[in-house]
Structures are given as structure tokens and as C-alpha cells.
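Residue numbers (our numbering), protein chains in the order written: chain A, 1 to 405; chain B, 1 to 405; chain C, 1 to 154; chain D, 1 to 154.
For the record, the hints were derived by calculation from the structure and aren't laboratory data.
The calculated SDA-like cross-link candidates involving lysine to any residue, where the alpha carbons are at most 20 Å apart (straight line), are:
| no. | chain 1 | residue 1 | chain 2 | residue 2 |
| --- | --- | --- | --- | --- |
| 1 | A | K9 | B | D39 |
| 2 | A | K111 | B | N261 |
| 3 | B | K259 | A | G136 |
| 4 | B | K259 | A | I372 |
| 5 | B | K21 | A | S46 |
| 6 | A | K18 | B | S46 |
| 7 | A | K401 | D | Q8 |
| 8 | A | K18 | D | K123 |
| 9 | C | K16 | B | S319 |
| 10 | B | K239 | D | V149 |
| 11 | A | K133 | B | N261 |
| 12 | D | K98 | B | G53 |
| 13 | A | K238 | C | V149 |
| 14 | C | K41 | B | E368 |
| 15 | A | K369 | B | D260 |
| 16 | A | K259 | B | L158 |
| 17 | D | K130 | B | V61 |
| 18 | B | K106 | A | G136 |
| 19 | D | K123 | B | G53 |
| 20 | D | K130 | B | G53 |
| 21 | A | K369 | B | E256 |
| 22 | B | K21 | A | V61 |
| 23 | A | K338 | D | D13 |
| 24 | A | K47 | B | K20 |
| 25 | A | K258 | C | H43 |
| 26 | A | K369 | B | S263 |
| 27 | A | K18 | D | E5 |
Which residues of chain B face chain C? A partial, calculated answer using Cβ under 8 Å:
| no. | residue |
| --- | --- |
| 28 | H341 |
| 29 | F403 |
| 30 | N404 |
Ideal Cβ positions, reconstructed from N, Cα and C, are used throughout, including at glycine.
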Amino acid sequence: MDIKEIKSKFPIFSNKVKGKKLVYLDSANSSQKPKVVIDRISNFYSKEFSNVGRSMHSLAVTATNRFEETRDLIKNFINAKFREEIIFTKNATEGINLVATTYGEKFIKDKDEIIITELEHHANYVPWHFLRKRKGAVIKFAECDKQGEVSIDSIKKLITNRTKLIAVTHVSNVTGTIMPLSKIIDLAKTKKIPVLIDGCQGAPHIKLDMQKLDCDFYVMSCHKMYGPTGVGILYAKKKWLDELPPYQGGGGMIDEVKKDNISFPESPTKFEAGTLQTAEIVGFAESIRFIENIGIKNITQHEKEITEYGLEKLKKNNSVSIIGDPKERGAIISFTIKGIHPHDIATILDDDGVAIRAGHHCCQILHEKIGIPASARASLGIYNSKEDIDILNESINKCNKVFNN
Amino acid sequence: MDIKEIKSKFPIFSNKVKGKKLVYLDSANSSQKPKVVIDRISNFYSKEFSNVGRSMHSLAVTATNRFEETRDLIKNFINAKFREEIIFTKNATEGINLVATTYGEKFIKDKDEIIITELEHHANYVPWHFLRKRKGAVIKFAECDKQGEVSIDSIKKLITNRTKLIAVTHVSNVTGTIMPLSKIIDLAKTKKIPVLIDGCQGAPHIKLDMQKLDCDFYVMSCHKMYGPTGVGILYAKKKWLDELPPYQGGGGMIDEVKKDNISFPESPTKFEAGTLQTAEIVGFAESIRFIENIGIKNITQHEKEITEYGLEKLKKNNSVSIIGDPKERGAIISFTIKGIHPHDIATILDDDGVAIRAGHHCCQILHEKIGIPASARASLGIYNSKEDIDILNESINKCNKVFNN
Amino acid sequence: MDLKELYQEIILDHGKNPRNKKKCDGFNKDAKGNNPLCGDKVHVYLRLNDEKQVEDISFEGEGCAISIASASIMTEIIKGKDFNVAKKILENFINMLKDGSKPSINSLSDNENTTIMSLSGVKQFPMRVKCATLAWHTFLHAAENNKKVVNTEE
Amino acid sequence: MDLKELYQEIILDHGKNPRNKKKCDGFNKDAKGNNPLCGDKVHVYLRLNDEKQVEDISFEGEGCAISIASASIMTEIIKGKDFNVAKKILENFINMLKDGSKPSINSLSDNENTTIMSLSGVKQFPMRVKCATLAWHTFLHAAENNKKVVNTEE
Ligand SMILES: Cc1ncc(COP(=O)(O)O)c(C=O)c1O
Ligand SMILES: Cc1ncc(COP(=O)(O)O)c(C=O)c1O
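Here chain A stands alone, though its shape is the one from the complex:
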């Protein structure tokens, strides 16, 4: 694979940051966008724009077709069984909120239990916290160990006959841990507990097959998948979408509206209220095509190579401590430098054009567990190369110089 060529498809890399070449290591936060995606959005607005599904003129027909085409592409991309299982949301966060609210309303009662893990992003904790407040649900945290792993046993021992849902991340956005999803789902199935996967850090990097994985819910953020901001995807098994009440109410998601009652259509319409992110969803079709042209397995392979190179290099750097040591790791390396706070690292790296993230990465529970307030995180996308790692490492050395370490 020619990474230089792939990188050249991302306009952002032809710009300088503080006079330096951009070394973008913040893809877990949001990925950069290839030109095909950017152009598709422009083109759609310039030539085909109209609101979707509502009007009957030619523009509306084209726009509706383009829009629904994306749903089909996503269905195939994740090998869902039905196109109706793909719901467009604002972001992954909204996907989890949708499930928490509607599933919670229908199935969660006082003292019912929800299992999450200590690795979870706030997006996969706060919505459940709302259920705790509103419904008296109990949230149980499966422990993560020093390596950053959550063992199947640590989940198993939390399960009781009040467990109503297991919600876990696919890949930790701090330790990079790839969770043993199949085992978790198998376990949950024996107890008939539905499983929600926060796939934010999975979908951009790992081949997905919903029918094989057989989880009940899987959420993604398109902006982390070389796609536009403002779009997320909720995959849910049809049986759930048939059972769950609607989430937001408004135009498009109704069947019959009377003064005393309202009836609703089926999924996906039932869950998509108001004017959606038309242009963004149309644009996202190009992101899927972009990923598929490269091949998601090639992406995994390439990122694995760079991640391993990065781990090797940073492990040799004595000032650096890497967070977690999971057996299977996604394209994420979080670290600390002795005596230098991650915010200071981020500022100094930025001076060299190296963009990383510093902070708790929306994982306060995990950081508290590790006993640090913040960490620095380098996360990869398809455009990163070994050279990027070399520059990162040089720049880390500079941190030590600035701080006279």
C-alpha cells in the first residue's frame, strides 16, 4: 500500500502547521477527510440539494435516493441483515442515548442492573447514569486490570438475574484494548442479556460483520471514519427496533396524527425525526467507498504495523511510560512523560506540528483507576507512517529539553 499516495488524497496535509508539516496523531478524536468526501458534499449542495423524503420534485427524488443509498452502503459495510437496522444519529453519543432512553423507558425498572466497564468513554456511561437517576437502575463497572484488559470473568461475576444490558466499548480510546466481544456476546446470550457495543474506535479500523458478531446494538461516529461531522450510526437488531418506542418526535417519523393520538411507522423512519443531516449522509457514502477502495483489512494491517513500530520506539524512550499493555491493541498509544504534564507535552509537540490529544479523553473513571489525572494520546489513521512516529519521538525528546529533564 502506498501511504504517501493515500495521504495525498487528504487536502489537510498540504498545509503547514506553525511552518511545520502536519503530523496528525489525533484520529481517535476525529479523522481527517479525503478530498472525495469534501467534494461530494460541495457537489451535492451545488447540484443536487433538496430536502429528503418530503417533496416530489426531481431534486427531492435525487436527494432522497442518494441519501438512502448511504443506508444501503452502510448495511453492506457492516453486513447487517436489513437496511432498516441502520439508523442515522447526530453522533455515536446520540446513538447510545437513543438506546438508553427508549430501552430504558420500556425495560428498565428500579434496581435493574446495567454492566459497563472501567474503560468506557463518558458517552457509554452518562446515558446510563441518567437511567440510574430516572429509573433507579444500578450501574456496575467491570474492572480493568493493569494491562488495560477487561477479562470475561470480571464481567461474568457481575451478572445477576437483574442484569438488563451489557454495554462495552469495542476498542478503548485510551489503552487501545480490543475487547473480547465474541466472548462477551456469547456469555450474554446464554443469559439472554442484550449487548450494546460502543464501536467508535472499532468501526474505522476493524472489519465489522453484524450478523456474525450478533450484538444487539452497535454505535459509530462517521467523523472518525473519514466522514463528515454531524453523523453517527446506530445499528440495532430489527427485533429491538420493532419493540422500542420512538426517541425524538417530529416530522417524518409519524404515521397518523390526530388530536388525541399519534401512531408511528416502523424503523428506520420511526427513529429519524425532522430534517436529517442530508448533505453529510450523502457525503458519508464517499467515506465508505474510500475505505472499501483501500480495504478495511489493509487499513487494519497498516495501522497495526505503525502501532507496533510506535510501541517499540516509545518503549525505548526512557522518559515515556505507555498506558496499558493489552494483548490485542488498536491504533492507539497513550502515554505519560515523567515530570511533564500531558497538557505541556501537547503544547510542545504542537510546536513541531505534531497533533496529539492530552487530557482524560472522556475517560475519567479509567484515569482515576490508573491514578493519573491525564495522559497524552497518539492515535493513528490510514495516513500515518513510520516517519510520523519518528517525529513524535523526536518531539518527545524536545519536551524533556524544554523542561530541563
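Using the hints, position chains B, C and D with the ligands against chain A.
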């Protein structure tokens, strides 16, 4: 004002529809986008993109500034008192859902009453219906008369000491009725009832001044304001935002996250969970600038002129019945043609490149009231001219020919 | 795309003077259909005898010329037919609107064929396909005792 | 933008060896501050006497070099000052970071002025301004008995 020149700033009009010039009369559904907005989005993705508010590298700083700049622009555009009163949502629908859910959770009890009108879009009914189902709230419909007006008396007589909210549209998206907002708000204030305005059809056309209007909540859809899809705005008085609980939970909207509890920051952060529509919000700044460069009052004036021309012309056309005859009308003309169903009208008009909407326009209650299942609607934007009306009128005559009327 | 193909005389005629627009006598099955985005509504009634023959069929409803004409034409063509034949006709009809394939059904008379073909113009107007198919889907629900309201948004 | 201006010796020194990082004896006011996006935390303690003089001031907390240094510098400068003078210093300091204006406060010694000016480099790093101002805002809350946790996201 040179409408030709303004129109030339919208790339869509340089395309042909079915070999004809596009006559776009569906702006109430969604407006077209000027080149500055489309280009800003491209440019942002190509040169400045990064996730907002989370990372500390230069790209993130720029993106965050651009993003927050839009909030300031909106604050000034609607003359809100504080920038914290501007919440970004997915669309206007989400804005109303946010209020219904959070205000409902805190203040609505069994048998409490919410007053809406027969003119409301489903977006301003379905969310209240959810409260009816969940909380036992009662929804009362203020009647609209033959002219399409909702008198202040028809609202007054519904008010009781259980009235907890009045939610009305600014401008009807069917009859074009401009509602007597000041009177309604004055009335509500004497009874200490908060007022929510569905401003979807107001904000793109009419000068707004939140401090003068003094409503409690006002929602808008940016895609109807020459802006990108995927963004809505909720204006709410600070005192409400301070009191209301958060809506969706996730990253960015938290203060301290512990295993047994979570605390939240203040508005707007409290209400903006997860990664927002970064590029769209940055792009929307250009829409505001575009509107302000023309001048919102000039837009109102121009649209008034074209609407009046249209009314005159269509009233002369014997086959046409115009829906409603409000004293003050926005840029909307809905109509029927004797013996021809609106869907058929839309199809025939489309053949001439004329894009209108046919259906119930998400206003089933109103259509039932009028006693028709559907209507045809021509709605205007800044790019429309008298010529567009002439073509519309010609094309209506063609409908009669096709149907041998 | 040609408006004349869409609004053929035969369709305008069925649209203005729909056949069998009533509750038919002694119906023993019925179903409702909605097109929520447009507001089209149809209610199909039928009398199916023990041999699964459609003895009578009728409809009530509101909608555009296409949907009313399509419902009217459907009742004309299906009346008296065996349910299995009717189902076959329905399938062929829907395929015609979807992919433009010709509905060559032996069991249709030349006249019936001409009538049904008058709706083939709809396929060039994708937004109108739902108008044309609503009554047909609703017929199927009625015949199969499917209590769910047909909803073309599904 | 220059890293050397941001990480001046004086800041690195205060960052590594913060002054007054403890609970001060007999404090009668305190407040907490958070920067939720980064995880910076500070707790400011002070002893304000009846004449509204800051007899003692200290802090505890976690954060980057900038936020710790800024808290440390703040305690050094404010200790012993009159509350109204302290408030004026705070205002000037925040303006310096916002718009780059020089904090010319008569009541500061040359030495104090040099110390406070060492933080002026922060203004070139907008994302770091919150780190530098957190302790100062928190001091104000403490002094004014504002029970709300300072939250730089507000
Ligand atoms: C009056 C009115 N309210 C609400 C809406 C809903 O707006 P959106 O679909 O952008 O949420 C619309 C537009 O469809 C409208 O015209
Ligand atoms: C693991 C994980 N879950 C959830 C999210 C939230 O995604 P979004 O902000 O797009 O809703 C993120 C990204 O920030 C993430 O990394």
C-alpha cells in the same frame, strides 16, 4: 436589490432540471445554499479541520475558535443577551424535543396542560404528545379560523392554572400566518407561563430580537436559513438553562465523573453532548454573514413583494384556491386546484422545473381542520423573483390542460 | 420522462371516475393503507370465497390521480380472479414499476393488459411509485388477514 | 509563538516547586475549580481577616506546569494584599492573557511584576489560557463565598 446577482451566488441555479431552468419554490422545506457557505465547509475540512474543544494542538484551537465564533454571531443575529443562551442542536425538531424532555422531566406533572395551536408542525406536537404519554400531560389546541389565524382569545380561553407551557409557531408553514407573538407572550407573562416559539419559518425571513420578544424558548433550523443541513439552534433564556437538567449524556457535557455520581457544567456545555456538527456550524457562520450582508429587513421586504405578486396572480387564476387569508403573511402560499390532487400538481410542475411541495407538510391537524388531505405549497427565498411566479402560474395552467379541466 | 405517458386518458378516466369506490356487499376481509408523507389513504374491502376466489373487491380512499386510478384499475382486474393469480398479477405489477419489466401474465385479457400497462409510465416518476402501489399492497394485507396498516414508508 | 516564552525558567521553577501548595493554617475561606475538558483541578484556601486583608493563601491541586505555576505565583503575589487590591491584580492578569494588555499595577513590586509577567507568554497559546486563569478565578470564588465550583467551561 439585485436579485439576479443574489441568485447567481447560489450554484444550484446554474443547473437545469429536466432541461428547464430551476424555479425553486420549496424554501420552507429547505433553502438552497450560497457558494460562500459551501466553500467555507470545503475550506474548513481542507485546511482547518479538527475536533473542537478537546485537543490542545493548533488545529483544535483554530477549529474551536471558528466554532464558538458562530455562537457569537448567532447571539448577535437574534440579539440574545448571553452567548450561553445559544445551544446547537441537530435540527429544530431536536430543539423542541430537548425542551419537552428536560422541561417536562422537571416541571410537568399528571394533568398539567400544554397549549399548542392547530397550525403547528408535527415537530411542535409530537414531543408534547410524548409528555402526554409519559407524564399524563394534557395538550390543548388553540383553534385557527378560516383565514388561518389563531386569535389571542382562542389561546386565552384555554389557559387555566394548570397551563405549564404555550408552544406556538412563529409563522405557519402552510398558511403563512405570522402569529401575534408579542400579544401571546404578554398574555403568558401575566400568568407566568413560559412560551416556546417554533421559529423555523420565522428566523430565515424576519428580524429577530430575543430581548425584545422576550420569549422563553425559540428554535430554528439552519438548513432553512441558507445554512448546512444537520444544525439547529435552540435559544433559551439563561434562567431556564440553569434550571433544566441535561438532555443527552456523553463527552464534553460533564464536570466531574465518578462511579457513583456525575456533575455537569453550565450551559451551553451542559446541553451539547458528544462531537457536534463542527464543519456545519463553522459553515453556518457564513450563512449568517450572507443574510446580514443582504440585510434581513431587505429580505423580508423583497419576499413580501414577491408573495403579494404571487397572491394577486394566483387569485386571478380561477382554478386555484389559496389556503388561508391571514392579515400578516410570511413567504408562503399554499393552494389547491379543483379536481387535481396536489401530488399530481407537483409532478406536472416539476416537468417545468418548478419545485414545490405537495402533501400535508407535517401539519395533519391543520389539513384535517380544513378538510383536505393535502395541499400544494409554494414557498419563497431571497433568490425568487416575479418571473418565478409567472412560470408557476403558467405551469398551473398546464395542470388543467393535462387533466382536461 | 413524459407527462403524457404518466397521465394517459385511461388513468385520468379512472382517477376521475373510479370504479368500485365503495364498501362492497358482504366483504369478509379488509385492510387499510397509508402513505404518511403524502397523506394518501386507502381502505380495501374484499369478499374471498372458500375457494380463495376474489368474488368482489372495492376500495375507499383519498389520494392523487395515480393512486385512485391504480386502486380502481386493481379492483377491475382482480375481481373474479383466483387469489393466487391475483397475487401473481400484483407481483408482476410491482416489478413493472420497480425495474420496468413487462407484466406478461397469461391470465390477463388483452383489454386488462392494456389497462394495467397504462400505469407503466409511473416508473419514470420514482416519487409516484408509492402512490401506484399502495392499494395493491393493501389488497395483499386484506387477503392475508394482516392486521397491520400498510405504510409505504416502511 | 515561542515555547521559550511560555516555559520560562521562572514558570518551570514554580511548576516543579510550587509555593504554598498545602492547606494554609486557619483558612476561613476556600473554593474548588475544575477544568473538565483537561482534568485540571485546584482547591484554593485563604485566611481573610476582618479588614479584608489576605493574611494567608494556599492551594492544592493537579495540573500542567502552567496551571500549577500560575497558582503558585498567585499565592505569592496575593499573600498579604488587601482583597480589593488582589481583585484588581486578578482583573489585570486576566486582561493580560485575554488581550495582551500589560498589567501595570502600582501596588506590585518590581519583583512581583517580573513574576506575574512571566505568565504573559500564555496569551499566545489560547488553549492554555484556561490553565493559567483557573486558580485566579477560584481565588475570587473563595473570597466571595461563592459556593459554586469554578468551571472553566462556563
Ligand atoms: C414550522 C416548522 N417547524 C418545525 C420544522 C422542523 O424543522 P426540522 O426538520 O429542520 O427539524 C419545520 C420544517 O420542516 C417547520 O416548517
Ligand atoms: C470510545 C468512544 N466512544 C464514544 C465516543 C463519542 O463519539 P461522538 O463524540 O462522535 O459521539 C468516542 C469519541 O469521542 C469514543 O472514542
